Structure formats: structure tokens, C-alpha cells
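Q: Protein chains in written order, with our numbering: chain P, 1 to 585; chain G, 1001 to 1340.
Rather than coming from a laboratory, the hints here were simulated on the basis of the structure.
For clarity, every value in this text was computed on a predicted model and none was experimentally measured.
Possibly wrong hints are sitting among the right ones.
As the list claims (entries may be wrong) - Quick list of simulated restraints, FRET-style, between CB atoms:
id, chain 1, residue 1, chain 2, residue 2, range
1, P, E521, G, R1333, 53 to 63 Å
2, P, R494, G, R1302, 56 to 66 Å
3, P, K495, G, K1123, 37 to 47 Å
4, G, Q1090, P, L173, 57 to 67 Å
5, G, S1075, P, I362, 39 to 49 Å
By construction, the Cβ of each residue, glycine as well, lies at the ideal position given by its N, Cα and C atoms.
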Amino acid sequence: MLATQNQQSKWLDACLIAQLITINPRVLGGIWFKSSAGPVRDQWFTFLQNSIAGQIPYRKIPPQTDELALMGGIDIFQTLQFQKKVYSQGILEQINEGILVLTMAERLERHTAALITQAFDLNQFGLVAIDESIHSEEEQLLPRIQDRLAFMIQLDDLSYKDCQIENIQIDVLKIRNLSSKIEIPELALEAIITAANGLGIHSIRAISFAIQASKSLAALRGSDELSSEDIRTATRLVFSHRLRTLPKEKSEEENISKEEPQTDSSPESQEDISQNHDSSDQQSQNTISKEQLEDMIIEASKAYLPQNILEFINNGKSSSGSKNQEQGKLGEQKKGAQRGLRLPSRQVKFDRSKKIDLLKTIQAAIPWQTIRNSQQNAINSPVQLKIQAQDIYLKQFMQRSTTVTLFVVDASGSSAKERLGEAKGAVELLLAQCYIRRDQVAMMTFRANKVDLTLAPTRSLVRAKRMLSAMPGGGGTPFAKAIQSSVLFAKDLRKKGHTPLIIFLTDGRANVSLAGIGGREQAYLDCLQVAKNVASENLQILFVDTSFKVQESNQSIARQMNAKYILLPQGKSSAVVQATKTLLT
Amino acid sequence: MGLPFPFTAIVGQEEMKLAMTLTTVDPSIGGVLIFGDRGTGKSTMVRSLAAMLPPMKAVESCRYYCDPLSPQLCSECLARQQAGQKLNSQWIQSPVVDLPLGATEDRIVGSLDIEKALTQGIKSFETGLLAKANRGYLYIDEVNLLEDHLVDLLIDVAASGENLVERDGLSIRHPAKFVLIGSGNPEEGELRPQLLDRFGLSVEVRTPKDVQSRIEIIKRRERFERDPIGFTQEWDLAQKELQEKIIAARKRLQKVSVSDDILIDASSLCSHLGSDGLRGELTIMRAVRALAAFDNKKVATRNHLRLIAPYALRHRLRRDPLDDTGSTVRIERALQEVLP
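The shape of chain G in the complex, shown without the other chains (with noise of 0.2 Å):
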């Protein structure tokens, strides 16, 4: 497997690259769907996420990476606790895991282990793709084609942080917190409103298509393909300065305090557009302060909430049949009449 294209080296993309470092530096901002065509980078951004992430500290050995200071941990790390075993921790890289559009519930959900049920006639649970993610990213590339059965065990997960599996004879609990990424073309087909919601965020992408940055998206693939350590090595500083920013803004952000107006403002954004739910409002509060935590901000400002509402909000609204309107612009509309 190859080195992944250097994440603070992918040109233009800002909209992305800012819901994808938001949701790092407060996962419980909820996923981020990204729409658009093909070969615009979705991919390549994703692929890089995983090398872009702060290194965590993880329990030695465990399988769902727990986190030796949180109070939860899995079932089998306290069971070893109870028996008196120390839990060693040690650094690992955050997950990035990819879900097949075609993969099999037995792979998400993860199944007995059939392996040991008929060499050993040991009865145990082969940990799935949701387990694999626990602490990090899902990622599923044309999530608007997913099997609508995938979708049901997704949503439930997505949502609770922990997965429940009740299936062949196994009765087990673990816990799945994961940042869901989706991407795909809208022309495609739709996508559930149950999962839809499940997004925190989202973006829609485009190619540049002015002449400069083409030139320069081509020029950095060139110098990356044909020197992949290299080219990593001098983004490598870049990529130390944003991982430090990132770990600063998580420290900072349970410091940072989002103030009344702020919070008006934001529901009556939300009723003003007639966006379902109060999740909206939620992601929003959420948004504004990991913006203002990683925009080295003590105080969440109308700034950072007309900056980030977009992003919060497009894929909320009702969509009338007849009405073209495209949602960011309502959005807009929108933000000039509630925050003159």
C-alpha cells in the first residue's frame, strides 16, 4: 500500500478541509457529507485523514481501542481490570475505515467467529468493520447508494456510539463512537432522511476549474507520484503545525463559551429556514464553538456562526418539489435576513 497524498497539501478544497478538521477537533459534531462530482478529490482527502490525525493513546491489545483514561471502557478491558490486570496503553493512529458499498452485515456489524466455532468449537466475536472504527472515521464513498439494510444498522449506531450484536447466539455490547464521512453524487439517488440527519455537517465539492490551480493540483500529484517520501517530508511540517492546532483547539474547547445571542441566533435561523429538528441547532452550538476553539478564540462570535450555518444546515432543509432554489442560497438568503 502506497503513502496517502499529504492532507495539508491538497490545493483548494478549503470547505472540506474545514468540516473534516472541525469534526477532529470535536468528533461529537457528528459525521460530514460530502457531495459532488467525480474526481474532485473526495477520495484523496479521506485517504489522507488517517496520517493528518493527532496520534491517540489506546489500551494494549484491545479491539476496540479504548481509551485507558475514559471511564467506559469495553467489556473485556474491564474484565481484565477486575482480574487485577494492569492496562498497558500505547499510541496508536486514529482509524480510518472504509465500508464497501456491497459489504455484508456480518462485516459491519461483525459475526461469531466462524473460524474458531469450527476448528475449536469456541464460541467468540469476530469484531466488524463498526468495531474497527470505534475512536475514528467511517468512510462510505457513494453513501446514496448504500442498501437500505445497512442504513437501518448505521443509524442506530451512528447515533447511540455503541453497537449491539444479538445474533447467533452472541449477545454482545461494544462501543462504536465513530466520525461517519459520506460522499457521493446527488444525481444519483437520495439518501435516507434518518441518515441524512445523522450528519453533522456538509460540503459540496467542485474541480477548480481555474487554469492556476489546476496547474498546481497537477504539479504537487507529479512531484508526489514520482517522489511519494519526499514530497510527505516537506509537507511534514505543515502537517506537525495542524496537528498541534488541532490538539490546542480540543484542550481549548471546553473553555470556549458560545453566549445566548449566539444560541438565539442560531434558532431562529433554524425556524426561519423550517429545518426539522433540533439536531440542526445542535451541530450548530457544537460547529461554532470547535470554529472558535480552533480559531484560537476564548469567545464564539456571529462570525463563526454565519461561517459555519452552511455548513450545518444544507443538507436540513425540507426540499419542496417545485422550488429550485438551491440550498446554500436559501441559506444565505436566509443568514442576510435573521443576522443583518
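In isolation and in its complexed conformation, chain P is listed as follows (with noise of 0.2 Å):
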């Protein structure tokens, strides 16, 4: 029973946020839209769209949607047909005051990404943006954009049976007036504020869209006037998702309440008086405290903490922290680069971003000019040379592709500690050096039973030495699944269009097996095994083995999935690094 009211609330605001999105969409920014497709996403659509009603713009666009299309510019092909220029008008601009619907918002490139974020400044219009990714390891909706809008969905829990949708009808512009004359009182804003302190919302975005949301909420129950419920759903419905720290538990929070007082109490007072001179025509706020309220709004946000929100927190992988997230998808696609290797051009469907080449062009027209030149409408044209669309060649490039060195660290037993503060020297030093090519570095680590992505790939020394700071050492070698685990990354970075590069750090000595059992026979067999697999995908590897002799196992282990050996008896981060320079080149 329990489960379904959530569940239900959960829908009710998902179509709350409709409403208030197609009241102001331009001052909330938008939707992060966090939901598979299915008969649920349907339905809310369905609802944005009646409550739309053909008041406001409203347009969908995949995310490969190309510059000339979102920006507007001379339109070739027409240009060509009727022999004179021709503009189109852009999505971003004919969308003014609009909403735009982005699908498949996490594999939107980062070129239209920044497109979208300059129009967002400029023109304005509310994008509802849908991320349909499933773990938070793959891409996501760019932090940037996230950022920019108010307002997350999440319905994927949601059974179709919740999902009842009522005929509402809005009148947009009259709400959007209304709202735009509420006033906001000073002692709601000041615990708006503090609140958001309070939960380690520190973006002045979010405080902004809580504000106008509160405000849209209220013009949508026809009143001129903020209540604290409205202010209370605007919080849940803003914050929630954005969530930095946990608030402070009760017995906490009273000792502080305690203490505020004392270094408040100045301009508190001050404003107290200053409330009594403007707020005389709203009541509803001066029979609550702005303690009350604050609490109130941090209650509010945590209407919907996931469950494991305490592991949430502490990994700092809050919706806008960065830990697993690429920024986007630097480096990948290389067939589209505009530099790099020519290949010869080709014909294909024209597009702004890419070259045209002339001379092929023109040669690819000429065959033609008879014929062109007797058709109707070529009798009045002054041009000389009848080109087509169908005739241009556009300039191909490749580009290189970016090198990703992943070390894969044994953090077990007792020399982890050593071998990780070398690893992660070694990291420092090839970043520190490399950030002039295009490179980046990424770290696995593996130990008890378990492989982790320590350090997700990276360009950034900042970033590395923070992820670095602190990572825990001892337990057993789950060697094998370390190799795997290590080849289906790389494997996936090929994907993207990168060059990986691993390095193993180890001292071999596998005693956890591939099913996660101990004893050290299997755990070598299983090694052997994997290694075997390795070698038919063709990648570059260097075994750096730290035991203080030559271990013919771990040898073995090397030549079986085609990876250069060395040994390094400490291995020393600046010999590592040297060993990874002769590799690469």
C-alpha cells in the first residue's frame, strides 16, 4: 500500500512539473528526464502535450541534430534550386518561449551541447531533456545541462496502473502573468537560502529555479500570493535530485538551533522589523518562522532520497558530482574530425560542420551543363556553372585517436601500500607530462574479491590527485577477474574510439579465483585461461611484475595475452612511466 501512495505522489509530481514547465519554461530551463521508454513516459507526454494545448512552441529533436537545424543558416539545397539565397530559420530560434523535447539527451555531442547551453542564455526556452541511460558508470546527461535545469523525473518504477491522467486545461499566459507580479518575502528567501546551505546546494541556479517554481505554483492555484506549501513543493520538487549532504540529524540540528541565535541575532532582528513594514498583506508567512520553514524545506527535499543514499553521499556521486563522468564524449567519432589524415571526399548528404570540396565538386557537375543549361528554369539564370545538391563532395578527415593508459594496480596484501603510492606517482607523472598530447590516464584497482574503476579516464591532474587521495589497500588477488574486468574496459574504450593501453602492476600470486573463491591453483588456471581470451583482442599490454625475482608464472601469464614483461622489484613510478614511453611509441 505503502509503496503504490509513493508511487502515486511520485506520478502526481512528475505531472506537476508539466504544468509548471509549460508555464514558465524559459525562467525554469527544464527537465532532466530520467526514464526508459515505455507506457509510463507515453502517458506523461501525453499530459505535457494537453497541457500545452498549442499555447506554447513545442518540438522534439534527436540529439544528432546538426548545426544548420538548430541555428538556422543559408539552406544549400534551396539556395541551389532556386538559384538565389535561401535561409531557414533555426529550431533554437523558432522554439523562443518554447519547449523543446531533446531524446536520447546522454549521447548528445558535445558540439550541439554547447549550442544548446548558448542558446539557453540567450534566446531562451524550456528543454525537456531525455536521459535514458541505465548505470551511472555510462554516459549521462551532460553536468552542464543538468545544471540548467530545474526539475528531474524518474518514472521507471512506475507500474501503468498509477499513471491516471486527468484533462486539465491551463490558460499559460495568464498563470505566466500572474506569477511574474508575486513577490517572494525576505524571510522565505532568506530560509530558502539557508536551507539550500544546509543540504550543500550551492548552485545559485537552484535557488533560482525554487523561487520560481514556488511562484508558478502559486499563480497555478490562481492565488497572487506565496503560500508555505507552495514553497514546500517548489523545494521538494527542485532539491531533492540535487541532494549534496545529508541535513544535520535532529539531536544535531537542536544544538544548532540553539547556537544560531547567537550569531544571527543581529540582522535578524533588523529584518524582522523590516518584515513588519511590507509584509502586512501576507499572513499566511508571518505565522511561520523562518526556522520552521527551513525545517519544513529540508524535509521537503528528502521526499525522495533513494535508498542507498548514505553510500550516495559518501561517494560524493551526487547528480551533478563528476566522479564517473566523462565530460561528454570527448575523443570519440573520429570519422566526422575536421582535421587530421585527408581522405578523399566523398558524396553525402550535405551538413554545415563539414567541408565542401569545391574542385570535386565542380568536376562533378560538369557532365551535367548541358542538360542543366536547357532545363526551364537554367534560361534566366545569369550563373554560368549549374551546380546541384546532388553534385557536392564533402572533405573527409581522420583523426588520431586518444591514447587511454590504464594502469590496473594490485592494492593486495601487504605491499599494497608501496605499490599503490607508486602507481599513483606513476599516474601523477605521466599526466603531468602528457597533457600536451591528447592522452589520457585511467586506474583500476583490485583486491579481496573485488576490481575497481579507482580513477575514471582523465585529463585532468586535479582530478586524478583527488580521486587518488585516499584508496584502501589489503585482502586477497583476484588476479583473473582483475584481468578481465581490465580488457572489457579497454575493449569499451576502443569502442569510443580511443587507443588503450594497459599496464598491470602486480606480483602476480593470483589466490582468488574468477567464481571469487580462495586457493591459489584455481586462481592460476583461471588467470592462464582469461590471459589466453586477452590475446585474440589484439591490445596493448605491459606486465610490470614488482616481485623481487623474475616469477616464471607471472611470465607465463604475460605471454599468454601478448603483453610485454618487466620487472621492477619496487617499481618505481618514474621507471614505470619510462617502460609505458617505450610502449607507446
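Two independent chains are provided; combine them into the complex using the hints.
A: Next comes the structure, spelled out in C-alpha cells:
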């Protein structure tokens, strides 16, 4: 019963968000819609469209939409056909004050994202970004777009029967006008900001969204005054997915509320006076104190805490955290590159971001001239050379892909600490030296029966240092699993257009099998088995043995997976970096 | 397109404001690099810049906004002059141009005007963003994520102030003197050292954490959202005052003397910190002079130097991967040691 109730309120909130975004798309930014395809999602979009009812522009675009379509410009096809300049208007201009739906937003290219955020700051419209990513490790909606959207909706665990829609008509312009007239009392403003601080929400945008949302809510009720309920609802909708730190527990809170009046006493008393001046018409506010309002906001924001909230927060994996998030799709899809090795030009669909190969285009057009000149529309045309859209050749380039050096470090046993230290040193040295090249560094650690991606591929020294500062060590050696995971990861990288390079830093001596059971013999056999499969992947691998003398078992594992084997008893950072370089060249 | 938020109405962020203002006093200081988190007002600041800049005189219908008084005109204006045409001038707003991360080389550098080439068979140059930013500002959000080949284009132009186009059978050079403004979050990637060096000043921004300034920020935003025109008018006077101060500082700039003592101090500070190249000292010298001019002083003092040194040096220190001390702290320490 409880679960259904919760789900129902979730659905009602989602519907409320749809109405809010329809009322004020420009100031609320939009919705981060994290949900996979299904009847529930369709149901929500039906509701959204019912609310809009043709009152504001509504457009849906796929993530591959090109620059010409988004920004507008000279329409080459039309221009050629009519032999005069034809301009097309970009979607982002047409959509002014409307709602733009972006499907598969997690696949949004950085270039397109740049255009959209730029338009956000200038024209302004509401964006519903449908993010279908499943794991947090996967690509997600770019954080800088997330930050510009007021709300988040997650409908994946709702069942269709919870999601009834009513056909509610709203007069968008009337409500929008009303909401713009509402003033927010200072008391409420202060409470929202203090509460946001307590929740670790520092972006000014979030606060602004909460205020705008509460105003729109009040206007939606047909009122021109904010009620505390409006604020409660607004903060629930805007803050809950931005939560960074858990608010203080009750007992602590009491202590703090005792201290607070001392520190804040002077400004507060001043405000009470000013409050009496200008808030005579806001009776509903005066009955609630700032502290009460603050508590209310904090409670409201906790409404949708995920169950694993503690882990969530401790890992810093909040919605806008960047632990596992790469910044979009840097270095992927090298086919569309704008420079690098020239490939032969091709006749492909025109796209403003690519260069036209004029010579080839003219060559392609020449054989057709006699025919085209005798055609009807050619007679009045002053142009000698008749070029048509199908003649256009585009230049093609291929670009060298980014090398990602993946360190796989053995964090097991007693020597873990030193080895980790040296591995960290190597990562940092490599980063410090190679930011001129476009290379990235990543790190995996294995211990007990786990393999973790400690550092996602990055070019940032700052980030690497922060991630590497605290790393646990000790436990068994699940080497087979480490090989397996790292190779999977490397294959993934290759799919994204990078060149992966794996460096194992271990003394071997596997003692945890693939199945996660202790025992040297089986563990070693598993290693050999996995290594054999790796060989066919044709990856570049370096095996740095940190044992004191050459281990035959390690050598044979290295041989099986076609890896280069070196013995570096201390695994010194600089020596590892040196060895890596020989592999790179 | 809406009105931009007034520059003078921005709460706090004094460092960023000062750095921006100094580059308007003396554009030769170089660009400003802004590092900070999302939602700290970086974009607001840049968008507000255009309205804050004093208007400038430019040759009418010149694509590069040539200064009619300057001895160096673009080739098009020169040709017109030689043909005996009179160059009329007009007042225009200084350009502030956005360079989106994914822009193509053609859009930045300029290229053959495809439309004219195809429809009229005329070979003409379509200007790019670099031309549009001449005598103004070029803003790159997330500059640390800019693709390498685009960085290559910028590095040369930012230093020489001239864009050389040798492509598509075109051979054109045109002035492209601009102040580069870059913003980004250092956690997302490092900047190429060569590009880093092109920025004269750098600032680190954070959202103000104290409740009072946050309330003020939100309140001003609210007022602005509700009545952009009225709010802008409210700040009109402050904007005008700032503009006049900048114009006065520009006039004073050449008269400000920077004594040898200050230069020696700057050199010893740079060598103490081991910053690469001479550009650090050069930037300090120019920034100190601009600061003194803006401060309505005829002589630059050590206090000016102390104030501006972190701006000019923060991004020039060689990073030691094994030392975690922040650059600002290192500079402050050095300042205490070198300039007691």
C-alpha cells in the first residue's frame, strides 16, 4: 500500500512539473527526464501535450541534429534549387518561449550541447532532456545541462496503473503573467537559501529555480501570494535530486538551533522589523517562523531520497558530481573529424559542419551542364555553371585517436601500500608530462574479490589527485578477475574511439579464482585461461612484475596475453612511466 | 534576445570584475582566464560585458571594425582610402563574440563564401569569429575542453593580433586583436601550457557562501527578471560612471610611470616563483600600470604590485605533481618573502 502511495505521489509530482514547465519554460530551464521508453513515459508526454494545448511552441529533436537545423543559416539545397539566397530559421530560434524535447540526451554531442547551452543563455526556452542511461557509469546527460534544468523526473519504477491522467486545461499566458507579479517575502527567501546551504546545494541557479517554481505554483492555484505549501512543493521538486550532503540529524539540529540565534541575531532582528513594514499583506507567511520554514524545506527536499542515499552521498556521486562522469563524448567518433589525415572526398549528405570540396564538386557538375542549361529554370539564370545539391562533395578527415593508459594496480596484501603509492606517482607523472598530447589516464585497483575503477579516464591532474588521495589496500588477489575487467573496459574504450593501453602493476600470486573462491591453484589456472582469451583482442599490454625476482608464473601469464613483461622490484613511478613510453612509440 | 544583466549589479566577484575592467583599460594585458564551478556567475559576467564597455569609433561598413584613427587599417579600408573614398566613421558597441566549443575551423578563421561562390561564381572571403571579435572580446566557455586543432588556431592569432588565412585558394590577412576570455572547471581537464600563457590574468571564482550575499544575488536577479528595462535603468548611472572611469583611465594610461624599483620587484618575484618566460613580468608591468591608471594615480606603487601579482602569475607557475599547495598560496608566500 505504502509503495503505491509513494508511486502515486511521484506521478502526481511529475504531472505538476509538466504544468510548471508549460507555464514558465524560460525561467525554469527544463526537466532532466531520466526514464526509459515505455507506456508510463508516453502517458506523461500525453499529459504535457494536453497542458500545452498549442499555447506555446513544442518541438522534438534527436541528439544528432546538426548545426544548420539548430541555428539556421543558408539552406544550400534551396539556394541551389532557386538560384538565390534562401535562409532557414533554426529550431532554437523558433522555439523561443516554448519547450524543446531532446530524445536520448545522454548521447548529446559536445558540439550540440555547446550550441544548446549558448541558446539557453540568450533566447531561452524550456528543455525536456530525455536521458535513457541506465547505470551511473554510463554516459549521462552533461552536467552543465543538468545544472540548467530545474527539475528531474524518474518514472522507471512506476506501473502504468498508477498513472492516470486528467485533462486539465490551463491558461498558460494568464498564469505566467500572474506568476511574474508575485513577490517573494524576504523571510522565505532567507529560509530557502539557508536550507539550500544546509543541503549542500550551492548553485545559485537551483535557488532561483526553487523561487520561480513556487511562484508558478501559487499562480497555478490562481493566487497572487505565496503560501508555505508552495514553497514546500517547489523545494521538493527542485532540491531533492540536487542534494549533496545529508541535513543534520535532529539531535544535532537542536544544538545548532540553540547556537544560531547568537550568531545571526543582529541581522535577523533587523529583518523582523522590515518584515513588518512590507508584509502586511502576507499573513500566511507571518504565522511561520524562518526556522520552521527551513525545517519544512529540508524535510520536503528529503522526500525522494534514494534508498542507498548514504553510499550515494559518501561517494560524492550526487546528480551533479563528476566522479564517474566523463565530460561528454570527448574524442569519440573520429570519422567526422575536421582535420587530420585527408581521406578522399565523398558525395554525402550535406552538413554545415563539414567542408565542401569545391574542385570535386565542380568536376561532378560539369558533365551535366548541357542538360541543365537546356532546362526551363536555367534560361533566366545568370549563373554559368549549374551546380545542384547532388554534386556536392564533402571533405573527409581521419584523426588520431586518444590514447588511454589504464593502470591496473594490485592493492592486495602487505605490499599494497607501497605499490599503490608508486602507481599513483606514475599516474600523476604521466599526466603532468602528457597533457600536451591528448592522452588520458585511468586506474583500476583489485583486492579481496573486487575490481574497482578507481579513476575514470581523465586528463585532469587536479581530478586525478583528488580521486587517488584515499585508496584502501589489503586482502586477497583476484588477478583473473582484474584481467577480465580491465580488458572489458579497454574494449569499451576502443569502441569509443580511443586507443587503450593496459599496464598491470602486480607481483602476481593470484589467490582468488574467477568464481571468487580462495585457492592458489584454481586462481592461477583462471588467470591463464583469461589471459589466453585476451590475446585475441590484440591489445597493447605491459606487465610490470613487482616481485623481487622473475616469476615464471607471471611470465607465462604475460606471454599468454601477448603482453610485454618487465621486472621492476620497487615498481618505481618514474621507471614505470619510462617503460610505458617505450610501449607507446 | 533579452537584455543582459548589468555588470555593476553583479554581487561580489570583485576579482573577476577587476580583471575584466583592467583589460578594458589596457587590452594589451592579454586575456582573462576564469576558473570555477558551474553556477558562479561566469556567463552572467561575460554577457554583461558588452553593455558595460564604452562605445568605440569604427569605420563604417568595415567588416573588421577598423579604428579610423589608427595608422593600421585592414586591406579593404586601405583599398577604399587609396581609391580616394572618404572613410566615414560611426560609433559602435565593442563586440563580444562567443566561440562555441564545437565550432569548425571555417567558422573561426573564416572561409570562402560558399554561397557567393556557388550562386554568383565570385571568390570572396566570409569572415569568421576571429574577424568579428576584432577590437573586442572573444569568449570561450569551457576553454579547457577546446579541441586541440582549435587551440592551435587561437594561439597564433592571440599573440600576433592578425589572422592569416591561406585556404580554399584565398590568401587574406586581417586584423584580429581581441581580449581572450576563457572559463572552465579545472577538474574537467587541463589547459595547454601554450594557451595558458596567452592569458594575461587569471581568477578563481566561487559562489559566495554567506547567506546575506546570496540573498542579495537572488533579490537582484528577481528584480531583473520581473522588470529588465527598469532594473537596467536603475543601474544605468553606475554603468555610466564605470565607463567614464575606464575612459579616463585609458587616457591616463600612457602617463602612468612604473619605476625601475617596481620592475625589479616584479622580476625578483617571478624568478623566486620560477615562472616560465618573460611574459609574466610583462603582464605584471602592464597590469600594474592599468591598475594605477584606474586607481587615478600617476605613479604605480608596491601596493598595486601586491594586489595584481596573484592575478598575473597564478596560472604561470610550474605545477609540481607532488606538491599540493595551491598557486595562490605560493604566490602570497613569495610576496611576503620578496616584498616584505
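Q: It remains to establish, for every hint, whether it holds in the given structure.
A: Right, here's what the structure says about each hint:
no. : hint                          : in the structure
1   : P/E521 to G/R1333: 53 to 63 Å : holds, 58 Å
2   : P/R494 to G/R1302: 56 to 66 Å : holds, 57 Å
3   : P/K495 to G/K1123: 37 to 47 Å : holds, 43 Å
4   : G/Q1090 to P/L173: 57 to 67 Å : violated, 40 Å
5   : G/S1075 to P/I362: 39 to 49 Å : violated, 27 Å
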